[in-house]
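**Student:** One line per chain: the protein sequences are A and B, in this order.
As numbered in full-length UniProt numbering, residues 1 to 284 make up the first sequence, in order.
As numbered in full-length UniProt numbering, residues 1 to 220 make up the second sequence, in order.
Check each hint, because a few of them may be wrong.
To give a feel for the contact side, a few chain A residues facing chain B, derived at Cβ under 10 Å [claimed, not checked]:
1. Met49
2. Ile71
3. Glu72
4. Ile77
5. Tyr87
6. Thr94
7. Asp97
These are computed hints drawn from the structure, not numbers from a lab.
Nothing here was measured: the structure is a model prediction, and the numbers come from that model.
Quick reminder that beta carbons are idealized off the backbone N, C-alpha and C, glycines included.
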Amino acid sequence: MLALDIRNLNKKYPNFELKDVSFQLEKGYIMGFIGANGAGKTTTIKSIMRMIQTDSGEIRVLGKNMAEHEIELKQEIGCAFGGIDFYNRNKIKTLTDVIKRFYKNWDEAAYSGFLRRFKLDENKKIIELSTGMKVKYSLALALSHGAKLLILDEPTSGLDPVARDDLLDLFQQLVSGGEISILFSTHITTDLEKCADYITFIADGQIVNSAEKEEFKESYLLLNGSENELSRVKDRMISYKVNSFGFTGLIRSQDFDPSSGIKAATPSLEEIMIYFAKKEPAYV
Amino acid sequence: MYNLVIKDLKLGINRMFFVFPALLGLLMLIPSWIYFLVPMYFYWITVPNMFNNFKTQNDMMFTSMMPVTKKDMVKARVAVIVILEILHIGFAAIFGVIHDLVYANLNIGYQFFAPSMGFWGLCLVMMAIFNIILIPMYYKTAYKFSVPLILATAAAMIYAGIVQWVGIENKSMSDIFNVTIAEHIGLHASILAAGIVLFAAFTLTAYRIAVQRFLKVELL
Chain A
1 MLALDIRNLN KKYPNFELKD VSFQLEKGYI MGFIGANGAG KTTTIKSIMR MIQTDSGEIR
61 VLGKNMAEHE IELKQEIGCA FGGIDFYNRN KIKTLTDVIK RFYKNWDEAA YSGFLRRFKL
121 DENKKIIELS TGMKVKYSLA LALSHGAKLL ILDEPTSGLD PVARDDLLDL FQQLVSGGEI
181 SILFSTHITT DLEKCADYIT FIADGQIVNS AEKEEFKESY LLLNGSENEL SRVKDRMISY
241 KVNSFGFTGL IRSQDFDPSS GIKAATPSLE EIMIYFAKKE PAYV
Chain B
1 MYNLVIKDLK LGINRMFFVF PALLGLLMLI PSWIYFLVPM YFYWITVPNM FNNFKTQNDM
61 MFTSMMPVTK KDMVKARVAV IVILEILHIG FAAIFGVIHD LVYANLNIGY QFFAPSMGFW
121 GLCLVMMAIF NIILIPMYYK TAYKFSVPLI LATAAAMIYA GIVQWVGIEN KSMSDIFNVT
181 IAEHIGLHAS ILAAGIVLFA AFTLTAYRIA VQRFLKVELL
């Protein structure tokens with residue numbers, strides 16, 4: 001079953017456009033949604049949450065059309081935007097007391113359990129929480145109202161490596177039961193190397209690729225070679241950098257001829273993102 | 001809708017603004033004052049602070065993540081504004097009655113409107129004018145409130161100024177509102193009823209326009 005199914009999403013702004021955004025997230029998995037700043041990650045997430053009106057396209061959550069079942073489906077979605085605080089001068093317990101009224105499946109015992117597990121003090125104000133604790137509080141709220149789909153926009157930005165690793169472990173624990181799915185946008189690709197099952201890559205408002213993580217990485221090759229070798233593959237490369245030793249560049253695996261003798265390796269997610277960012281937007 | 005109202009009352013609005021109407025109501029005890037000023041504190045102090053808090057606390061994004069409709073978001077916000085307006089006028093009216101009791105045996109002359117049923121009707125019309133300008137204009141963006149607030153405040157104050165000026169200049173109106181209140185109780189009750197009807201009609205219209213506008217607003 002698909003936890004999230006996005007098809008042909010379009011949204012035009014004067015200076016930016018989401019073009020035919022489509023991707024699917026299987027239930028029980030973590031999808032990393034990567035792209036440079038301004039690539040369209042938050043716009044896509046806001047479209048899913050119906051905070052912005054799309055020009056066309058369809059969004060289905062847990063098999064149901066979001067446009068037709070928005071209120072019902074929002075009961076099943078937990079959403080957090082990294083770096084944005086709400087009512088941060090209020091205590092956790094005051095905020096929770098207000099939020100829980102909106103959810104019919106609110107589980108007080110589960111909430112207390114998550115507070116203990118995440119070491120959250122109900123009497124602390126939101127502003128007193130560290131960035132990592134704020135994300136954990138958002139997760140505690142989402143999981144206590146029985147959210148089956150967690151949509152997290154840059155949840156790890158601003159976290160130190162220890163807090164980030166801790167959170168990524170938590171994400172993996174959450175999906176291990178097979179009931180919860182996570183769409184997790186970030187530009188910190190190392191986070192996804194650790195915990196994502198699927199990767200969706202957006203650049204300049206368009207989905208470049210959406211696939212299982214290893215398959216995603218293996219669909220590209222990082223080439224290293226001399227300047228002479230570059231001339232043989234230049235036209236087929238996504239982008240490349242020339243240095244005093246020759247060149248390094250990214251190419252689609254299908255466009256590469258292994259018999260060419262050029263050294264090729266599987267790139268990291270970061271390398272894929274960097275080389276796509278260097279490419280002319282019109283060819284993305 | 002009820003949960004959204006509770007959210008605004010518990011999170012969005014400082015408790016001080018619920019005490020304010022009672023404190024400001026005390027101004028009604030100043031003899032022969034310009035009592036139109038008392039409910040004006042609502043849009044001079046409460047509204048700017050309240051809207052600014054909603055903006056700085058990212059209330060719109062917070063609320064839009066909840067399982068609620070945009071229509072209910074507007075309905076709840078309008079309900080909260082109305083609750084505060086009624087608190088302001090209600091407490092002023094209560095202190096108006098206390099004013100009458102305290103000064104019953106004193107021969108106070110009124111240059112401006114004395115507290116009376118008819119006067120509270122005029123105050124409700126002032127709030128109606130404020131609402132019909134502020135609410136639809138604010139929901140064009142749902143975050144820019146300065147221009148809507150300035151225009152709504154100006155319109156409400158101009159209305160109050162004109163009505164008060166007529167109340168001073170026109171001898172018969174001055175008598176009805178300041179001297180022979182008891183003899184014109186029916187007229188006063190009618191003005192109050194008309195004020196209530198206009199307040200309800202303008203606020204409902206403001207709500208309907210606001211919903212239509214807010215449905216097109218993008219929460220960026």
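**Student:** The structure should be examined with respect to each hint, and the outcome stated for every one.
**Tutor:** How the hints compare with the structure:
1. Met49: 6 Å, holds
2. Ile71: 5 Å, holds
3. Glu72: Given a least distance of 8 Å, the restraint on Glu72 of chain A holds.
4. Ile77: Interface hint status for Ile77 of chain A: holds (8 Å vs cutoff 10 Å).
5. Tyr87: 5 Å, holds
6. Thr94: 7 Å, holds
7. Asp97: With a minimum Cβ separation of about 7 Å from chain B (threshold 10 Å), the hint on Asp97 of chain A holds.
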